[in-house]
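Engineer: Here's the letter readout for the chains.
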Amino acid sequence: MTELFERIGFLQQGPFSVPRWEALFANMDLLWDGVLVTLLVASLGLVLALALGTVIGVMSASHSKVLRGLARAYVEFYQNTPLLIQVFMIFNALPILFTGMFIPVIVIGILGVGMYHGAYIAEVVRAGIQSIGRGQLEAALSQGFSYVGAMRHIIIPQAMRVVLPPLTNQAVSLIKNTSVLAVIAGGDLMYAGDAFAGRYGHYGPTYVVVGLLYFVMCFPLARLARKLELRAKEA
Amino acid sequence: MIELVGVNKHFGLHHVLKDVTLDVPSGQKLVIIGPSGSGKSTLIRCINMLERPSSGTVTVDGIEVTAHRAPIAKVRQQVAMVFQSFNLYPHKTVLENVTLAPIVVSGVSKEEATESGLRYLERVGLSEKADKYPAQLSGGQQQRVAIARALNMHPKIMLFDEPTSALDPEMIQEVLEVIIGLAQGGITMLVVTHEMGFAREAADRVIFMDDGMILEDGTPEHFFENPQNDRTKLFLSKILR
Ligand SMILES: Nc1ncnc2c1ncn2[C@@H]1O[C@H](COP(=O)(O)OP(=O)(O)O)[C@@H](O)[C@H]1O
Ligand SMILES: [Mg+2]
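Line order of the protein sequences matches chains C and V. Per this note's numbering, residue 1 is the first one in the first sequence, and the count goes up by one each step. Per this note's numbering, residue 1001 is the first one in the second sequence, and the count goes up by one each step.
No lab work stands behind these hints: they were computed from the structure. Glycine included, each C-beta is placed from N, C-alpha and C at the ideal position. Check each hint, because a few of them may be wrong.
[Claimed, not checked] These stretches of chain C come out as covered by chain V in the derived footprint (C-beta under 8 Å, 3 or more residues):
#, segment
1, 80 to 88
2, 147 to 161
[Unchecked claim] Ranges of calculated distance between the beta carbons of each label pair, as one might list FRET restraints:
#, chain 1, residue 1, chain 2, residue 2, range
3, V, N1229, C, H63, 52 to 62 Å
4, C, R152, V, D1061, 47 to 57 Å
5, C, H63, V, G1006, 21 to 31 Å
6, V, E1115, C, H63, 30 to 40 Å
7, C, S131, V, G1107, 22 to 32 Å
8, C, V66, V, E1115, 36 to 46 Å
9, V, N1008, C, P220, 53 to 63 Å
10, V, T1021, C, E76, 44 to 54 Å
11, V, Q1136, C, V148, 27 to 37 Å
[As the list claims (entries may be wrong)] Calculated cross-link-like contacts (lysine to aspartate or glutamate; reagent style DMTMM-like; alpha-carbon spacing at most 20 Å):
#, chain 1, residue 1, chain 2, residue 2
12, V, K1074, C, E138
13, V, K1018, V, E1003
14, V, K1156, V, E1221
15, V, K1238, V, D1210
16, V, K1233, V, D1211
17, C, K65, V, E1051
18, V, K1092, C, E138
19, V, K1156, V, E1174
20, V, K1132, V, E1115
Assemble the whole structure, with the sequences as input and the hints as a guide.
Structural biologist: Following this line, the structure appears as structure tokens:
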């Protein structure tokens, strides 16, 4: 057996050698801490993205030109600039806006992915609302519902069926995109992996395991999206 | 009860209502007849402001709904509408369809809304369907639920926009009978329809619209026996034969 190992050179030296793997497994705590930060940023970021996406999606489906214009501007800005630059902007702008206040990097991450995916979710919500026939809104308005009340009680519950699969896909990309935090020392999984790997050059095993950990977080959601899609098709 | 003065409506370059003036007293059963595209739907949708007139005024129960910042949602609670395509809420049960707006919009208690809702469902002959979803009902049944939904707002005015036009022929009668029953009561009713038998039986007054104008206005007898306008005569000769 050992003889076999000795013959297989890449287990002895190089980026994927056994000692590197051992070093990684001895330091998994670092990665687990990163996983926790990533999950925290992703879940709070998703809450923010859903809230923003719903409000902006409703605005862009409304009749008011002003509201539609504002919503469009938001969506176009966030969809057509790199997330990385947005995060840098928040990173540099927040301390100027709130001078003297200490802003945890995690907050920047939540704002970054929340606002970015809020734009995408707004488009999902808008399409969902527009998939519901105009007669539903008219029936609700004719009964005295306000526009917001009609959205809340009549339109959005129906649109939910349509938007749940694409929303779940958004959650998947949001989790992956929390990895931009690494560039501002965010303490997330990507950063934890980078930091550890960089110290001794254990890039090979670290990136494999970090990748796997992202996969484990995302894959169940991706499956759920698929299932919801099939169910929506049946209905 | 309803007063339209000099109402015009444009959709882009299309002049759909042309200086329409109409006064509907409380309790009147008004039937609106006219060829497709003549502006009938637009006219009644100006009453609950689903369409906003380009000019002119609309007054409903003493409130000028065309005024700036008029309390339109309040007025709409008094003015129930029944649509050609029913527009029931598909994600709600029949009973929830009937009770949702009273509870959420009018602030009626759930018990009270349910009790009156069930009473109206019984009145349209559908109390045993209370827990079904709209998709499980026939078109005629859906439209009767839509009428119960309208009634459960306890409206002073009911607007019907071709309530039987989307129905299979065998279901038209069951819906018309419900509306004829309602016409015995005191609610002010405006009904756009192509059902001439209904107009004869239930209407106090018939108006005929063509090309965005009211061309004929009178009792059903006047309308069917002695129309004045040539276009009315032509229309009647086509449909009555
Ligand atoms: N939202 C709209 N946008 C543009 N044109 C419309 C709209 N609603 C109705 N129209 C036009 O106005 C005219 C009158 O429509 P309508 O009031 O629905 O007539 P009716 O109910 O008598 O068939 C039609 O020519 C129709 O195409
Ligand atoms: Mg019409």
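Engineer: Now look at each hint and say whether the structure bears it out.
Structural biologist: Going down the list of hints, with the structure as the test:
no. : hint                           : verdict
1   : 80 to 88                       : violated (count 0)
2   : 147 to 161                     : holds (count 5)
3   : V:N1229 <-> C:H63: 52 to 62 Å  : violated (37 Å)
4   : C:R152 <-> V:D1061: 47 to 57 Å : violated (28 Å)
5   : C:H63 <-> V:G1006: 21 to 31 Å  : holds (25 Å)
6   : V:E1115 <-> C:H63: 30 to 40 Å  : holds (36 Å)
7   : C:S131 <-> V:G1107: 22 to 32 Å : holds (31 Å)
8   : C:V66 <-> V:E1115: 36 to 46 Å  : holds (43 Å)
9   : V:N1008 <-> C:P220: 53 to 63 Å : holds (59 Å)
10  : V:T1021 <-> C:E76: 44 to 54 Å  : holds (47 Å)
11  : V:Q1136 <-> C:V148: 27 to 37 Å : holds (30 Å)
12  : V:K1074 <-> C:E138             : holds (15 Å)
13  : V:K1018 <-> V:E1003            : holds (15 Å)
14  : V:K1156 <-> V:E1221            : violated (26 Å)
15  : V:K1238 <-> V:D1210            : holds (14 Å)
16  : V:K1233 <-> V:D1211            : holds (15 Å)
17  : C:K65 <-> V:E1051              : holds (17 Å)
18  : V:K1092 <-> C:E138             : holds (16 Å)
19  : V:K1156 <-> V:E1174            : violated (23 Å)
20  : V:K1132 <-> V:E1115            : holds (17 Å)
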